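Given these sequences and hints, build the entire structure.
These protein sequences, in sequence, are chains B and U.
One point on numbering: in the working numbering, the residue at position 71 of the first sequence is 873, and numbering is uninterrupted.
One point on numbering: in the working numbering, the residue at position 36 of the second sequence is 838, and numbering is uninterrupted.
Careful: at least some of the hints might be erroneous.
It does not matter which identical chain is used: a pair holds within one copy or between any two.
When the alpha-carbon atoms are kept at most 27 Å apart in a straight line, the in silico BS3-like pairs for lysine-lysine are as follows [what the hints assert, rightly or not]: (1) 1064 with 823; (2) 890 with 1030; (3) 1030 with 1064; (4) 987 with 1221; (5) 878 with 1064; (6) 952 with 1016; (7) 1159 with 1064; (8) 952 with 1159; (9) 1221 with 1064; (10) 853 with 878; (11) 853 with 1030; (12) 890 with 1162; (13) 877 with 1005; (14) 1030 with 877; (15) 1221 with 1016; (16) 1219 with 1064; (17) 1162 with 877; (18) 1159 with 878.
Keep in mind the hints are simulated off the structure, nothing from the lab.
Please read all numbers here as calculations on a predicted model, not as lab measurements.
There are 2 protein chains.
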Amino acid sequence: MVNFELTREYIDNLQELIVAKNESAISELLEELHPADIAEIYEELSIDEAKFLYFLMDDDTAADVLTELEEDDRKKFLDSLPSDVIAKRFIDNMDSDDAADILGELDDQRQQEVLSHIDDVSTAGDIADLLTYDEDTAGGLMAKELIKVKENWGIPTCLRSMRRQAEEIDEVYYVYVVDSDGILKGTLSLKRMLLSPTDVLVKDIYNSDVISVKVDVDAEDVSNIMDKYDLVALPVIDSVGRLVGRITIDDVVDVMREEAEKDYQLASGITEDVEASDSVWQNTRARIPWLFIGMAGGILASWVANGHIDLIDRFPNVALFMPLIAAMGGNVGMQSSAIVVQSLASGSVGLETNWLKLLKELGIALLNASILSILIFGYSIIFKDDLALTYTLAAAMFSVVFIASLFGTFVPLLLNKLKIDPAVATGPFVTTMNDIIGMFLYLTIGNMVFNFIT
Amino acid sequence: MVNFELTREYIDNLQELIVAKNESAISELLEELHPADIAEIYEELSIDEAKFLYFLMDDDTAADVLTELEEDDRKKFLDSLPSDVIAKRFIDNMDSDDAADILGELDDQRQQEVLSHIDDVSTAGDIADLLTYDEDTAGGLMAKELIKVKENWGIPTCLRSMRRQAEEIDEVYYVYVVDSDGILKGTLSLKRMLLSPTDVLVKDIYNSDVISVKVDVDAEDVSNIMDKYDLVALPVIDSVGRLVGRITIDDVVDVMREEAEKDYQLASGITEDVEASDSVWQNTRARIPWLFIGMAGGILASWVANGHIDLIDRFPNVALFMPLIAAMGGNVGMQSSAIVVQSLASGSVGLETNWLKLLKELGIALLNASILSILIFGYSIIFKDDLALTYTLAAAMFSVVFIASLFGTFVPLLLNKLKIDPAVATGPFVTTMNDIIGMFLYLTIGNMVFNFIT
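Here it is, written out as structure tokens:
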């Protein structure tokens, strides 16, 4: 299989084949492709063209392609189909976690309709069960499909049961071992089975060191656990320890990617989950909130400056450096909060307490503040023949960098204590606050220095 | 196994046991823990304490713990050990990819010494081979350990060979199928083997739709491919198609996490890979470059403003809004470049060309510029009794937001064309440039408007 690359020519060619209703040529094209590639192609087609493709695919491929689509496109596509087609052609051919995720995007009435068209009651029950979990928890990530064996079985019984269970599952990573009450006891590695004689019991060879999570554990914690322990699958247990599902690494990779994108966007002042391919209006809506906050902050800063308009009036040179001081406050605050946000998100905080973090930040702040203050002092002494301005710049730079560092460290720690996602703090709040603090310190110091010297 | 939580009490207790040389109690504690947990504990101990623990662990655990350590700590630890201990106790018990990564952290002479102490020539050869690949490529990520079978074997031959090969490997995800020249032909799923009769040949049941990468493919592309196709392992081939290794998802998750952290830090103006737990000096060194650039930008902006010092002198009110306009330029530019950087990094660019991206950004820029311009006009009309200032603010806001958006989109696209990581553009470069552009536009427009009106 060659790695597929989407080109305009490919889409043009495909659209011509669709117009010509050349089913055999299209089927041949599709057969070479991975569902993820077909999903990419689909995003470039109209609903009617996409539907035409869908009904040329086998059920498994069609279900996989649906899973790979972007949520918006999937919603449009499903809205154009009757409930029984969704149930029989798509949902019935998916893993339970994907089925639940996709049903969860439909409204309640439509969910019920689709579920009622699924023939196998236990499948429908599994999906309905998964729909009850919050999507940001282990329960929302897990699938019901897994292979489990009882601890008192022998290898031949295991193999027979595993063959039957394996038919429903794409890939087998672990075989889980449970007791007669369904309580998770451990795992049986396939490698161990390959290497064992056939006359042993499961309980003699299984590995009881199994890491599991409860259904209500936060998705971000799940991803941290799987990352830390290098797991490809993680069993999920209920409150009494019964095995109820398993989470696979591919779902967690998606969670990680989304978290990273969200944090990156928040740090850049973008509030909604938005992508380059989204519309002009979606992009504007995602960006305007921070711009409002930034503007409000800038206006507040102008009020602060207005309180010292006499100083600016008498010494216009002071005004020249207002943007510099405000920007340095913003920059320093952003750096400090980014470090804190990242250490909180990765969960690897070690034993450093919040006080130790603040203390260390104090050291960094003092060092940075001294270096930058000396530099601006040197610059001003050489290029600006104005001693009061030089002293003002050096003192303001020191205090702004120092205070903005501490502020940038303190705010995310505080938000975290208050159970608010600290990532929202880096972009808008800290930068804007530090702009205002910067203006206040600069002009207040300026007033004192200039009054003293002149 | 309970999920382990590191506490100060735990470390205190452990340190007491170490002082008392209570080997049996320590062994008992360690036995309950996952190597990743032991690595966390180790980071809180002194070298001598850690060494004491190391020699109480079995070889496999000791090797796993070493792999899990932070690079700095590992380096310190290895520097205190003789080469033959490193070879026999650690490297020999690791997967080849981990062994190569860790050896790659040592200097050349030490690498040779350690390799010469490994008894098995083929293991040493595998590791030496892996050391030749750039660590940011598929070759640098892959391990040599994998299970392969020949396409003309029967199932019993396969099983015998797999049993032998499996002894060296932690987890078996895929069995790879090669021809007599070692060319990768496909995969054999364990599930398929569980379900097949024993008298078929590999070539009758293997899956030829296998996605693979060449050794020189970029690590970020590897992670995009594994994410897109939901793979837990990816075979690596040489330039003629021979199977030379495989990459597992846990290594790629680490790459993804590092990439995301790096991009986040770059967006926040932090240049080196730094963590909250690093020293004050490391933290300062990682932050000061952007602060220098920001300061240079602010000083340049002060020159731009100095060109219009007459305007500020005559109308000090103009100065009050200089930080606002500069900040808005920075904010808008950062948002635009973040969106572009993210769409470039994810590789999912669809069919939108660069021109289309710029065109769309033009739309967003016009919309945002109009909204913000009207708002500042309204604010100024109500609160500032100064028509020239009001016109200046509205016109400057419009042009700054508009131009900063386009600039923020254009710069990362240009850097990407020049094969420079566009993530470096978001933080320092775009923000600082837009500060300067903002000051220039604001004061130039101000000069024209005030000259015209007054």
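List of violated hint numbers, smallest to largest = 1, 4, 8, 12 and 13
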